[in-house]
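Colleague: Single-letter residue listing:
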Amino acid sequence: MAYAQPHPRLSVVSTSSQSSSIDHLSPTTSSTRFSLPSTNKPGPNRPNIYDRNLNKTRASEVSAAAFAFLFSEIIQYTQKRVSGINDLERQLNTLGYRIGTRVLELLVWRTEGSSKTPKRETKLLSVLMMIHTKVWKAVFGKPADAIERSVENPDEYMIIDNDPPIERHISVPRDMSQLSCSSFSAGIVEAVLDGLSFPARVTAHNTPNSQSPNRTTILIKLEKVVLEREELLK
Amino acid sequence: MSHHLFLLSPSDTPLYSLTHQSTKPVPSVTSPLASNLPTWSTSAFAGTLTALSGASSATQHTTGGAVRVGGGQDRHVIQMIANAGLDVIEDVMRKENMMYLKSVDKFNEWTISAFITPGNMKFVLLHEGKNDDGIRQFFMDVWELYVKTMVNPFHTAHTRIRSSVFDNRVRASARKHL
Numbered sequence: 001m002a003y004a005q006p007h008p009r010l011s012v013v014s015t016s017s018q019s020s021s022i023d024h025l026s027p028t029t030s031s032t033r034f035s036l037p038s039t040n041k042p043g044p045n046r047p048n049i050y051d052r053n054l055n056k057t058r059a060s061e062v063s064a065a066a067f068a069f070l071f072s073e074i075i076q077y078t079q080k081r082v083s084g085i086n087d088l089e090r091q092l093n094t095l096g097y098r099i100g101t102r103v104l105e106l107l108v109w110r111t112e113g114s115s116k117t118p119k120r121e122t123k124l125l126s127v128l129m130m131i132h133t134k135v136w137k138a139v140f141g142k143p144a145d146a147i148e149r150s151v152e153n154p155d156e157y158m159i160i161d162n163d164p165p166i167e168r169h170i171s172v173p174r175d176m177s178q179l180s181c182s183s184f185s186a187g188i189v190e191a192v193l194d195g196l197s198f199p200a201r202v203t204a205h206n207t208p209n210s211q212s213p214n215r216t217t218i219l220i221k222l223e224k225v226v227l228e229r230e231e232l233l234k
Numbered sequence: 001m002s003h004h005l006f007l008l009s010p011s012d013t014p015l016y017s018l019t020h021q022s023t024k025p026v027p028s029v030t031s032p033l034a035s036n037l038p039t040w041s042t043s044a045f046a047g048t049l050t051a052l053s054g055a056s057s058a059t060q061h062t063t064g065g066a067v068r069v070g071g072g073q074d075r076h077v078i079q080m081i082a083n084a085g086l087d088v089i090e091d092v093m094r095k096e097n098m099m100y101l102k103s104v105d106k107f108n109e110w111t112i113s114a115f116i117t118p119g120n121m122k123f124v125l126l127h128e129g130k131n132d133d134g135i136r137q138f139f140m141d142v143w144e145l146y147v148k149t150m151v152n153p154f155h156t157a158h159t160r161i162r163s164s165v166f167d168n169r170v171r172a173s174a175r176k177h178l
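Residue numbers (this note's numbering), protein chains in the order written: chain A, 1 to 234; chain B, 1 to 178.
Bound-form chain A, shown alone (with noise of 0.2 Å):
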């Protein structure tokens, strides 16, 4: 690859630890996206974004291989700043969160923004539905393939996908087996529940079996007072 001055990335990433300046990482200042075109510096010509169309990338996809690569990056990245396993699913979870509560608005904001009595999802099971079709639609372009009720304990409910997508390309070593890197998918589910205020928390677990060896259940223990809650509203 030839650059005509060095990778101007590399000096932000080499410093930003250090430096307190937070200009290298304003899109405003750095005219270092290397893969813009120099014309199309971010400048006051630029649209800002209450003019975009929130339905403009409501049918369009993002490649596979890309995500794939950014969600390896992304696990790598987290990977370094962790201790332990479940510290790393707890940043996924993280980081899930904060997709999920955007995911939640825009999602329903593109079903309900134009109708004229725009509802909101309140009761559990229907929450529960709409993450389980419409979520996983949304997010995953498919919906997930089975939603079940615990036997043991009414207040545990799980979201099964026989082989989560980001997934796909992560082979997880031998060592770290109890990892599932579907903690980022939980986090999702868990800004969602909290979004709609039914707080839980929101864990993922492999839990293979012979037809499908991906197989992974989102765990959702909706906290007490939810089901307090419900018993109160039947």
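Simulated from the structure, these hints should not be mistaken for lab results. One thing to keep in mind: the hints can contain errors.
Unchecked claim - SDA-like cross-link-like pairs, simulated, lysine to any residue; straight-line CA separation at most 20 Å:
| # | chain 1 | residue 1 | chain 2 | residue 2 |
| --- | --- | --- | --- | --- |
| 1 | A | K116 | B | K102 |
| 2 | A | K234 | B | N97 |
| 3 | A | K119 | B | R94 |
| 4 | A | K234 | B | K95 |
| 5 | A | K56 | B | V151 |
What the hints assert, rightly or not - With beta-carbon atoms standing in for the labels, derived distance ranges:
| # | chain 1 | residue 1 | chain 2 | residue 2 | range |
| --- | --- | --- | --- | --- | --- |
| 6 | B | P10 | A | S114 | 23 to 29 Å |
| 7 | A | S72 | B | S103 | 50 to 56 Å |
| 8 | B | R160 | A | A65 | 36 to 42 Å |
| 9 | B | M80 | A | P208 | 53 to 59 Å |
| 10 | A | R168 | B | N152 | 25 to 31 Å |
| 11 | A | D175 | B | M80 | 58 to 64 Å |
| 12 | B | S103 | A | S171 | 55 to 61 Å |
| 13 | A | K224 | B | M80 | 29 to 35 Å |
| 14 | A | P47 | B | A157 | 21 to 27 Å |
As the list claims (entries may be wrong) - To be clear about the criterion: a stretch of chain B counts as covered by chain A if any three or more of its residues have a C-beta under 8 Å from a C-beta of chain A, and this derived list gives those stretches:
| # | region |
| --- | --- |
| 15 | 93 to 103 |
| 16 | 135 to 144 |
| 17 | 161 to 171 |
Cβ coordinates follow ideal geometry from the N, Cα and C atoms, glycine included.
Starting from the known structure of chain A, arrange chain B on it as the hints suggest.
Modeller: Leaving out everything else, chain B in the frame of chain A:
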């Protein structure tokens, strides 16, 4: 006729507020309480007291619509009424699955309407007249602008919205619908 809009985060932190003076005519509001009360104009708390008793619209409108000080138009009174409305909003939003909760609460001349986004943001609007459809359209505009704000990775649930573009767009929508 004035409108007061507050955008509150899920943890009830105010992220944005707007006061809008509408050009549409003021409906005459007569408060029965107001006429029975003395005018406490000298006390430091007079403004708050008169506002709470509902006397404001009777005493203040006589000044001819010029700059009004104290009474029901006072900033802190407005904030208090908006905050008090939150209790009712939180009650209603568990039972109602509508995002737009029209006229959930009333306080003297103020009516409180609210809009709850799926992510539990609350838009609270204090208004004087009845304008259900206009308010709904205004809330829908604000919601769209809010969604655009929150998909920005630099925005978090507790960041105040300071964008001047956001502000201008909300004002434009208020001029159109309120």
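Colleague: All hints, please: hold or fail.
Modeller: Quick rundown of the hints versus the structure:
With a C-alpha separation of about 13 Å, the suggested pair K116/A and K102/B falls inside the 20 Å cut-off, and the hint holds. Simply put, K234/A and N97/B have alpha-carbon atoms about 15 Å apart, close enough for the 20 Å limit, and the pair holds. Distance hint between K119/A and R94/B is fulfilled; the C-alpha atoms sit about 12 Å from each other, no more than 20 Å. For the given pair, K234/A sits about 10 Å from K95/B by alpha-carbon distance, which is consistent with the 20 Å threshold.
Under the criterion of a C-alpha separation no larger than 20 Å, the hint pairing K56/A with V151/B is consistent with the structure, at around 14 Å. Between P10/B and S114/A the Cβ separation comes to about 25 Å, which falls inside the hinted range of 23 to 29 Å. One distance hint, 50 to 56 Å for the beta-carbon pair S72/A and S103/B, holds here, with the actual separation near 52 Å. The beta-carbon spacing between R160/B and A65/A, approximately 39 Å, falls within the hinted interval of 36 to 42 Å.
Checked against the given bound of 53 to 59 Å, the beta carbons of M80/B and P208/A, roughly 58 Å apart, stay inside it. Checked against the hint of 25 to 31 Å, the pair R168/A and N152/B passes, with Cβ atoms roughly 29 Å apart. With their beta carbons about 59 Å apart, D175/A and M80/B fall inside the hinted range of 58 to 64 Å. About 58 Å separates the C-beta atoms of S103/B and S171/A, a value consistent with the hinted range of 55 to 61 Å.
For K224/A and M80/B, the Cβ-Cβ distance of about 33 Å falls inside the hinted range of 29 to 35 Å, so the restraint holds. One distance hint, 21 to 27 Å for the beta-carbon pair P47/A and A157/B, holds here, with the actual separation near 25 Å. Against chain A, the region 93 to 103 of chain B contributes 8 residues with a C-beta closer than 8 Å to a partner C-beta. That satisfies the three-residue criterion, and the hint holds. For a cut-off of 8 Å, the count of residues in the region 135 to 144 of chain B with a CB near a CB of chain A stands at 4, and the three-residue condition holds.
Coverage of a stretch by a chain is defined here by at least three residues with a beta carbon nearer than 8 Å to that chain's beta carbons; for the region 161 to 171 of chain B and chain A the count is 4, and the condition holds.
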